[in-house]
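Guided by the hints, dock chain B onto chain A, whose structure is given.
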Amino acid sequence: MADESIPRRQFLKSAAVAGTAAAASVTPAAVAAQSAGVQPAAPASATVNPDSEGMLTLTSTEAAFFSAAADTLIPADSLSPSGTECGVVTFIDRQLASAWGGGAKMYRNGPFRKAKPEYGYQLPLTPREFFAAGIVATNAWVNKTRGKDFDRLAAKERDEVLKLMEQGKAELADFNGKDFFEALLQITMEGFFADPIYGGNKNKVSWKMIGYPGLPATYANVMESHRNKLYKVEPQSIADFS
Amino acid sequence: MATRLKEVDAVMVGMGWTGSILARELTKAGLRVVGLERGPDIKPSEDFAMPQIRDELRYVQRLEQIQDPAMETLTFRHRPGESALPMRRMGSFLPGNGVGGAANHWGGQHWRYLPSDHLTRSNIVNRYGAKSIPEDMTIQDWAMTYEELEPYYDRFDKLCGVSGKAGNLKGQKIDGGNVFEGPRQNEYPTPPVKVTESAMMYAKACRELGYHPFPQPASTVSQPYTNSEGLTLGGCQYCGHCERAGCEANAKAGPHVCVLPVLRADPKFELRPRSWVSRLTYDKNAKKVTGVVYTDTRTGEEFEQPAGIVVLSAYVFGNISLLLHSGIGEQYDPVTQKGAVGRNYCYQLSRIGLTMFFNDKTFNPFMGSPGSMMVIDDFDGDNFDHSGLGFFGGCRIQTGHGEGRPINYRPTPPGTPRWGSAWKKAAVDNYQRALTIGMSGSNYANRYNFVDLDPTYKDQLGRPLLRLTYNFVENDYKVAEYCMGKIVEIAKVMNPSVMGSPRLRKGDYDIVPYQSTHNTGGTVMGNDPKTSVVNRYLQSWDASNLFIMGASTFPQQPAYNPTGPVGALAYWAADAITSKYLKNPGPLVHA
Chain A
1 MADESIPRRQ FLKSAAVAGT AAAASVTPAA VAAQSAGVQP AAPASATVNP DSEGMLTLTS
61 TEAAFFSAAA DTLIPADSLS PSGTECGVVT FIDRQLASAW GGGAKMYRNG PFRKAKPEYG
121 YQLPLTPREF FAAGIVATNA WVNKTRGKDF DRLAAKERDE VLKLMEQGKA ELADFNGKDF
181 FEALLQITME GFFADPIYGG NKNKVSWKMI GYPGLPATYA NVMESHRNKL YKVEPQSIAD
241 FS
Chain B
1 MATRLKEVDA VMVGMGWTGS ILARELTKAG LRVVGLERGP DIKPSEDFAM PQIRDELRYV
61 QRLEQIQDPA METLTFRHRP GESALPMRRM GSFLPGNGVG GAANHWGGQH WRYLPSDHLT
121 RSNIVNRYGA KSIPEDMTIQ DWAMTYEELE PYYDRFDKLC GVSGKAGNLK GQKIDGGNVF
181 EGPRQNEYPT PPVKVTESAM MYAKACRELG YHPFPQPAST VSQPYTNSEG LTLGGCQYCG
241 HCERAGCEAN AKAGPHVCVL PVLRADPKFE LRPRSWVSRL TYDKNAKKVT GVVYTDTRTG
301 EEFEQPAGIV VLSAYVFGNI SLLLHSGIGE QYDPVTQKGA VGRNYCYQLS RIGLTMFFND
361 KTFNPFMGSP GSMMVIDDFD GDNFDHSGLG FFGGCRIQTG HGEGRPINYR PTPPGTPRWG
421 SAWKKAAVDN YQRALTIGMS GSNYANRYNF VDLDPTYKDQ LGRPLLRLTY NFVENDYKVA
481 EYCMGKIVEI AKVMNPSVMG SPRLRKGDYD IVPYQSTHNT GGTVMGNDPK TSVVNRYLQS
541 WDASNLFIMG ASTFPQQPAY NPTGPVGALA YWAADAITSK YLKNPGPLVH A
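Sequences listed follow chains A and B, in order.
Anchor point for the first sequence: position 182 equals 182 in the numbering used here, and the numbering is continuous, going up by one each time.
Anchor point for the second sequence: position 461 equals 461 in the numbering used here, and the numbering is continuous, going up by one each time.
Just so you know, these hints were derived from the structure itself, not from any lab.
Be aware that a few hints might be false.
[What the hints assert, rightly or not] Which residues of chain B face chain A? A few of them, derived with a C-beta cut under 7 Å, are:
#  : residue
1  : Pro51
2  : Arg54
3  : Leu57
4  : Ala70
5  : Thr73
6  : Pro86
7  : Arg89
8  : Leu94
9  : Asn364
10 : Met367
11 : Gly415
12 : Val428
13 : Asp429
14 : Lys506
15 : Tyr514
The beta-carbon is built from N, C-alpha and C at its ideal position, and this holds for glycine as well.
For reference, chain B alone in the conformation it holds in the complex:
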């Protein structure tokens, strides 16, 4: 029997980016907030400290900061009808663990989605006709436009101190920035991070071809910055360890450096780490949640925490599974296409590219941040005409260095053996000479890609694991092939000493090699409860005091990484709660 605790005004389920932002905004509005986090608390001064943080084996190979699949993982299959098997080791994607969440180990690439990404379906319908959309492509519009969300993108920019160069300031296109981006009301808070020799070579070739290269916007800030909470970020040291490790320089934006110090000092906020929420308590008739049930992972003891408002701020999979474990909403069925929970799960085309070798170049591949790249968006989203191409969506295409950690980064020309003296010589000869043009592509929703509960496998609490049914489809392969054609064209202009072979994803989705931690969907936003789980304020259609944050609300995945819009949506939802919901609790949208 769970011990029933005293009711609080609001409870956060997960203390990463969105839990931290919501907790901060709600305490500012006077609410008493409890932040529940399954993993441990993190102390950056110890957990992100030199010299231990520079340990490739510990963080990249052994995944120190990543969710433990022994506690909870998911099962996977390619298509309905197959038996799913558990993801026994984390691979293709790496959700975080502990206070700060995945933001502790993110790379810091910070985007806003394109205005057309907010209107994915209606934009295609208007430009190419409704019949052009394949029957199984279940794309839909966001529940708010870019213009509506822009002030909140701006707020998140100022929380993170994002480095970059505007390409569209209040409608005025600016050369050198991303001319395809939506209008920004303000320039980036800090100037672009320093880019690498490889990025400059790439940008030159792109310009020769008439494309529009710009520096990667990054939340690994280029110089010290005092953010909107009065907290100070350090300047990036270009250490090359961003991904999968914390930042010892406090230069990489995340809850620990950008929000939590203020929150921890607020007596209206209480952080409870090692508190694993197993379900929400739900009053279906009243269409309200009454709180959450969680297990203290140190003692196994179970607690019920009643709350006026519940915010699901876990990772994508945690949000979906908690709805299913609590009986909130209807499970999506790909056959009848009824139900919305688990619908429109999407991923990202990633780690696809072309590696070349320049015998007269020295790239120092260990120097840089994930922001030290130059990018083109000429083939992203609907920035180019898709007439007759047979696919929708696109890729951003980029080059840079900064991940020269040697267990993983040992490029050799095609045909080189993988071991022995010949391998060793090639590894030594090419460590400084290799350059990769990479792309990250959109992943549009498909009827048969979805999430439900597994009938066989259970987590440590005895709950069914989530079951992921997912595969790449024809649209994805065509996006990748088309954009690879552009990469090859750019590569030829760059004229390397040795040209590598295009590295495409072919065949079924492989859950083993790391691709990206940009899983989306499953609790998507929309204006119709039949095809969405939350309304435009990220409020559940099935419980008016339940708000769901994060990329699980995205109806499909654009080519960009999701953290920028995730942060913007957190501010957007917090604003709706404090300015609308608290004054008049109940549904903010009537379906």
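Next up, chain A with everything else stripped away, as it sits in the complex:
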């Protein structure tokens, strides 16, 4: 659990160092502690950036939020390290700093109107702006209901908060909590499962976990020999071929 007497910026800095160590090798003790329901010594809620490379676009508040969210959606357990340790926050930072984050391939002309969900996204916000606004709205609501920012909540409380948002029961001011949750879940899973070249899925951790071979994906000679037989190889990614 985070020591709230430490200012956030300093706290993030030290967490980044802890994160580096955690990413390099997930200590069996930490994993065991986590699966036993005990918080490991390095708090899963705040392992911000395992690279300690700094953020391209995220503020420290945003990085702390994404880190806490990623570690709730993808907790460290016997199957994988936490979302943050897998590079999910780095991934999100780079995505939101990318052309996509800036609203590339979106039609952004007005007028803007509220619409039924079947009409799709109708806000003027770019993905970068959408997440910024969503974090502000979520933290405001969590502060109102629980007295602190989302990333300062205990794991169990974070779980409860995200469930409320998923169920559409979070009463965010002027922001759709359910839509925000869906976008948050989506970008977190993208970070966990995308090719590691984008900064997430460190060491191909999720591909190893589910048994996805990655590249080169040339299966003409094994299609028939591996019908109902596990095709198991060490996954390879884009960087392995570059």
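Chain B in isolation, oriented as in the chain A frame:
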């Protein structure tokens, strides 16, 4: 003021499948042809190359090869009278971008429409009576029969090297192929692609129930093939990345591998990428177009390209919008049912199915191509008796694997949370065990589903966006429910460890989740100018030197995917232009 260029014999508006085929056929006939393409040129050796092409985030999530809605999108509403809103992100369907068009990122499922699909209205009238057709169902016949189009289906098969097994060779039914298909004059150019364990399990269950499973015909060819242009396709590697990405093995048929190398080498052809056609120049009194106006998207400069023949070979929406922006033909009105442009817009019932889990199976879901499936057509089109069913049309029903890319493919049993440790365990446990029976269904035309221009929103050139008014109707829901019943029956025979819940489409059409890039209609073919935009040679009723290609000419959507007939129609129209029109320019059909 647009810079006026030197006249050419023919200009293609869009350089995907149909633009490439028409340009090739017309240059072969001696014409000087310019191919205008809004998007960039594509170099497969770089743009479809390993390792970058195996990038799920870039191609599937961020839609690298898909049309940019910031340039042009459409607005959407469910029914007349509602305000439409722009499709701000591509979702339900994904038109292509750049030379090669949507063929760069298609999956390669390659069909011919059923003989009864060519005669949709008259077949129903003959079999069930005229009164059986609901009043608002504006289905109509194609302007040519299957038998007339068969030689052109055959030509397109040989361009693509399609893999499959014939089920009807010159009228003789062949077990193991699709016994419902129309008679083929030739076997498929290449044998079927390898199918998956799941496809074999599915086929076994279907046979037990007395159905007729066959391997999915595919333009992801099973072995190297030299096509009718002397170009060579590679053999499919079963990489699982066909949809939304180019093929690094040159195994997936498309303009780049099947036509363009020959065309690029022909001095009579000139390709101009980044050339966005904003309108056609039209002489209404002469009933002729005189050329096109386009913007160079690099400089913003506008050019007028005069041409003897204009071929609209853009995607469905591009064809419709260019007619409307150019004042060619009359806009359809659902109230009066007058006007033909924008009429009979149809879609496809897709991404509907049932997922099951087999604890004793290992499917390697990442291996395969969209052709690695087994299919039944027993409930497709009018292959079954519709008496008393209360709907027309049907579904093809299929199973296979090959899209195990993990951002999108993470099947878990019903009731599993979507995140957290319990989710993770289920995702790991079930990645190898899940099997989905899917269906793709017909979508028959309805009076109130149509396309016109939006009164509010504009594209990057300042033109009004197209406005799509569309919803599923009772017929569609009944098709889906009936076919889901068949899926459940097959699923029970397959006897999974865990049975999932049927995934049906209910309520209003949702433009957000991907369903299929099989939009049709809006410039439909027919024998009556009141209810069609082009005649049987895909020649505009309103301009005799304007020909319109592609699925925008389909009067309604059968269950099959449209690329096979789109290619066949391109050869059919090219043949009409070179053998009839050039000898005697003018209307080829007198209404």
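Hint-by-hint comparison with the structure:
no.: 1; hint: Pro51; result: holds (4 Å)
no.: 2; hint: Arg54; result: holds (5 Å)
no.: 3; hint: Leu57; result: holds (4 Å)
no.: 4; hint: Ala70; result: holds (6 Å)
no.: 5; hint: Thr73; result: holds (5 Å)
no.: 6; hint: Pro86; result: holds (5 Å)
no.: 7; hint: Arg89; result: holds (6 Å)
no.: 8; hint: Leu94; result: violated (11 Å)
no.: 9; hint: Asn364; result: holds (5 Å)
no.: 10; hint: Met367; result: holds (4 Å)
no.: 11; hint: Gly415; result: violated (15 Å)
no.: 12; hint: Val428; result: holds (6 Å)
no.: 13; hint: Asp429; result: violated (9 Å)
no.: 14; hint: Lys506; result: violated (12 Å)
no.: 15; hint: Tyr514; result: violated (12 Å)
Hint compliance for this structure: hints 8, 11, 13, 14 and 15 are broken, all remaining hints hold.
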